[in-house]
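*Asks:* Sequence:
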Amino acid sequence: MHINSLAFALGLVGSIAPADAFFRMSCPGRLVRERLDPIVSPGAVSGHVHTISGGSAFGPSMTFQQARAAKCSSCEIKEDMSNYWTPQLYVKKKDGTITTVPVAGDGSDTNGGMTVYYLQRGNNGEKLHAFPEGFRMVAGDPSKRNFTGGLDAKAISFACLGANKDETNEMPNYNCPGGLRAQVFFPACWNGKEFNPSDHKAHVSYPAGGQFNSGPCPADYPIHLISIFYEVLYDTNKFKDEWTGNQHPFVFAQGDTTGYGYHGDFLNGWDVKVLQNAVDTCTDDSGSVSKCGAVTMYTAAECNACKLPTLIDEQVDGSLKALPGCNPFTGGPGPAPAVANCPAATIGAPKGNFVDLTTTKKWEYTGCGKDNLNDRTFPGTRLSTDDMTVEKCVDHCSAGGFSYAGLEYGRECYCGNTLKEANAPKDGIMGACTMKCSGNDKQFCGAGAALSIYHKCGNTCKNNQIGGGGGGNAPSPAPSSAAPQPSKQATSTEVSSPSSTAAQATSAKSTSAPTPTPIKAPDCPRNNCVNQIFNPTASVSASAFCATYTKTVNTNASAIPTYLNNCKSNSASVSSACSCLLYPTAPPKVRRHARDVL
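Letter by letter, the sequence shown follows residues -21 to -1, 1 to 577 of mature numbering (1 follows the signal peptide of the UniProt record, and there is no 0).
Be aware that one or more of the hints could be misleading.
Below, computed lysine-lysine pairings styled on DSS-like, alpha-carbon distance capped at 25 Å [unchecked claim]:
no., residue 1, residue 2
1, 57, 270
2, 415, 371
3, 270, 73
4, 270, 252
5, 371, 341
6, 341, 415
7, 330, 270
8, 144, 300
9, 73, 106
10, 217, 415
11, 72, 217
12, 421, 72
13, 330, 341
14, 300, 371
15, 72, 415
16, 300, 106
17, 270, 106
18, 341, 217
19, 57, 144
20, 133, 144
21, 172, 252
22, 340, 219
23, 300, 421
24, 330, 217
25, 180, 330
26, 300, 340
27, 300, 270
28, 300, 72
29, 441, 371
30, 270, 217
31, 340, 217
32, 252, 330
33, 340, 421
34, 106, 217
35, 219, 270
36, 340, 399
37, 133, 180
38, 421, 330
39, 106, 172
40, 415, 441
Hints are computed from structural coordinates only; laboratory data are not their basis.
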């Protein structure tokens, strides 16, 4: 896609800010960790594992409109639904196993995110601009294994905290008592013509003048954008006993033991007008985003509750025998070779954080809600045990005549008959129920002040499945997925004894929740063919292709264009995808912000 760079430069309001002005955005939550990269590998499985932060619309393929439709973000600025990702850092232990290195302060390795800096690095009156709609870029080269000396190489760096050493461009071979901080600075000069070229880099450049983080823009890249810079602080000191001599045991997901192949991806999901206002007005030199009046903020708890299920059925954490994607350990100095003969992984249905009891017990998963020590969500009865499972909790509550079961902190079970809206799962929000059950480490049993909530089925029985690659959720009769209604305090009274009958419990659910919308679009299929059709970088847009495909009489294999090679002449998948795209009924409206009350 091309635009007139002069018109863009004149049309957008620019900013002349102090050269040291910036604002720092925390991303306390990790959205998801898996082998996806909608920039480099749209619609397909990526070659290595990434840790992704940002908006919940993240998926295998993305458009700007999809990014803006996110229902939450693991980063703290509400108006920013961008996605930010970097390769995951692993450690190879002395016993030969490989495991993820958590972010500092996240010992359970469930929430750790990153920090994103927005820096106003204008040069001598240069105007600074917000990222335009549809903009995306990559910094760094995952195959690099030596220091090549250019600005792109200098923009990758590591800070070894607590070692009293200078920053380096490679992973240091000495321990970092305060953790290893991986850093990537993105190009800030744009050619004004492309949003995502085939190499994802040709449209941007580092400044002229020899500095990767400041200076005037080159003539061929005249539009100076706001600069972005990522920091990820890994708790490498946790593995100080896994070293072999003076050789560190760490490796990035693409098999990089040097650090030269560290990289970052950025996919714009900002409200562009808001970002431009922030560029213009947030000129404080403290970096505190709280001093930026152009934006509003999520709480850390809301960020940590913004998560997505994985779409690829493979293990990427825990105890591994090899890096996902068959990536060998490579230390250079030559570029890493392409991986060959690796068993193919596929993108499938979202892997939920619940146990499906709809058939075996006629209970459904409502979602991840909230609890309060002084005002329990389910005060009816409780059970605590070191062998807690979802089934054990549901059986306990069911035997007591309760219709709700909530699991918390891995080993606690609470029962009740009503669920107040204030404590109910939020629409489209997966929640922070990340703690494994004490009796089954394949199941999730809430977390601190977070409840994995199950409900006895009424007329319908369907789990509240949060969908990957769009931030949505499957239809459910639970309060969190109902149609928007005016905000009001729930009027039902909590039951503190199991005297209510099952029928009364079902009635309590239906009266305390808004009425579900009677109209919904059909479920879109998810496979590699569909992902390729909806690929935003495809030579023919999905809307243009489907408009002609569905109007033609010939919907056989011969009507499928050759560039849709993933479809393998499957006209049924193509027809189903196009029917979903062109469905005339708009989906129900959703809340704009996670803390908004329906």
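*Asks:* Decide, hint by hint, whether the structure agrees.
*Replies:* A quick look at each hint next to the structure:
Simply put, residue 57 and residue 270 have alpha-carbon atoms about 15 Å apart, close enough for the 25 Å limit, and the pair holds. The suggested pairing of residue 415 with residue 371 holds, with an alpha-carbon distance near 14 Å, which does not exceed 25 Å. As the CA atoms of residue 270 and residue 73 are separated by approximately 47 Å, the hinted pair breaks the 25 Å bound. The hinted pair formed by residue 270 and residue 252 meets the criterion: a straight-line CA distance of about 18 Å does not exceed 25 Å.
About 14 Å separates the Cα atoms of residue 371 and residue 341, which keeps this hinted pair within 25 Å; it holds. A threshold of 25 Å between alpha carbons decides the hint, and for residue 341 with residue 415 the separation of about 23 Å falls inside it, so the pair holds. Between residue 330 and residue 270 the alpha-carbon distance is near 39 Å, which puts this suggested pair outside the 25 Å criterion. For the suggested pair residue 144 and residue 300, the alpha carbons sit about 33 Å apart, so the restraint of at most 25 Å is broken.
For the suggested pair residue 73 and residue 106, the alpha carbons sit about 53 Å apart, so the restraint of at most 25 Å is broken. The hinted pair formed by residue 217 and residue 415 meets the criterion: a straight-line CA distance of about 21 Å does not exceed 25 Å. Proximity of residue 72 to residue 217 is assessed by CA-CA distance (about 12 Å); at most 25 Å being required, the pair is judged to hold. A C-alpha spacing of about 23 Å is found between residue 421 and residue 72, which places the hinted pair at or below 25 Å, so the restraint holds.
For the hint pairing residue 330 with residue 341, the CA-to-CA distance comes to about 20 Å; that is within 25 Å, so the pair holds. Pair hint residue 300 plus residue 371 does not hold up; C-alpha atoms about 33 Å apart against a cutoff of 25 Å. With a CA separation close to 23 Å, the supplied pair residue 72 and residue 415 stays within the 25 Å bound. For the suggested pair residue 300 and residue 106, the alpha carbons sit about 51 Å apart, so the restraint of at most 25 Å is broken.
About 22 Å separates the Cα atoms of residue 270 and residue 106, which keeps this hinted pair within 25 Å; it holds. Simply put, residue 341 and residue 217 have alpha-carbon atoms about 44 Å apart, too far for the 25 Å limit, and the pair is violated. Taken as a hint, the residue 57 and residue 144 pair is broken in the structure, with Cα atoms around 37 Å apart against an allowance of 25 Å. Between the alpha carbons of residue 133 and residue 144 the distance comes to roughly 17 Å, so the proposed pair stays at or under 25 Å and holds.
Distance restraint check for residue 172 and residue 252: the Cα-Cα separation of roughly 20 Å lies within the 25 Å cut-off, and the hinted pair is therefore satisfied. With a C-alpha separation of about 47 Å, the suggested pairing of residue 340 with residue 219 is violated against the 25 Å cut-off. Annotation: proposed proximity of residue 300 to residue 421 holds, straight-line Cα distance about 19 Å (limit 25 Å). For the proposed pair residue 330 and residue 217, the alpha carbon gap of about 29 Å is over 25 Å, so the pair is violated.
Note on residue 180 and residue 330: the hinted pairing is violated, with a Cα-Cα distance of about 33 Å set against a maximum of 25 Å. Straight-line distance between C-alpha atoms of residue 300 and residue 340 comes to about 37 Å, which puts the hinted pair past the 25 Å bound. Between residue 300 and residue 270, the direct Cα distance comes to roughly 47 Å. Violation of the 25 Å bound is thereby established for this hinted pair. Note on residue 300 and residue 72: the hinted pairing holds, with a Cα-Cα distance of about 11 Å set against a maximum of 25 Å.
A distance of roughly 20 Å separates the Cα atoms of residue 441 and residue 371; the hinted pair therefore holds under the 25 Å criterion. A C-alpha spacing of about 35 Å is found between residue 270 and residue 217, which places the hinted pair above 25 Å, so the restraint is violated. At most 25 Å may separate the alpha-carbon atoms for a hinted pair to count; residue 340 and residue 217 exceed this at roughly 42 Å. Among the hinted pairs, residue 252 with residue 330 is inconsistent with the structure: their alpha-carbon atoms are about 36 Å apart, more than 25 Å.
Restraint check for residue 340 and residue 421: the C-alpha separation of about 19 Å stays at or below 25 Å, so the hint holds. At roughly 44 Å between alpha-carbon atoms, residue 106 and residue 217 are farther apart than 25 Å, so this suggested pair is violated. Between residue 219 and residue 270, the direct Cα distance comes to roughly 39 Å. Violation of the 25 Å bound is thereby established for this hinted pair. Restraint check: the Cα-Cα separation between residue 340 and residue 399 comes to about 24 Å, which is no more than 25 Å; the hinted pair holds.
Taking the CA atoms of residue 133 and residue 180, the gap is near 16 Å; set against the 25 Å cutoff, the hint holds. Taking the CA atoms of residue 421 and residue 330, the gap is near 12 Å; set against the 25 Å cutoff, the hint holds. A hinted pair counts as satisfied when its Cα atoms are at most 25 Å apart, and residue 106 with residue 172 qualifies at roughly 18 Å. With a C-alpha separation of about 23 Å, the suggested pair residue 415 and residue 441 falls inside the 25 Å cut-off, and the hint holds.
The structure shown violates the earlier hints numbered 3, 7, 8, 9, 14, 16, 18, 19, 22, 24, 25, 26, 27, 30, 31, 32, 34, 35.
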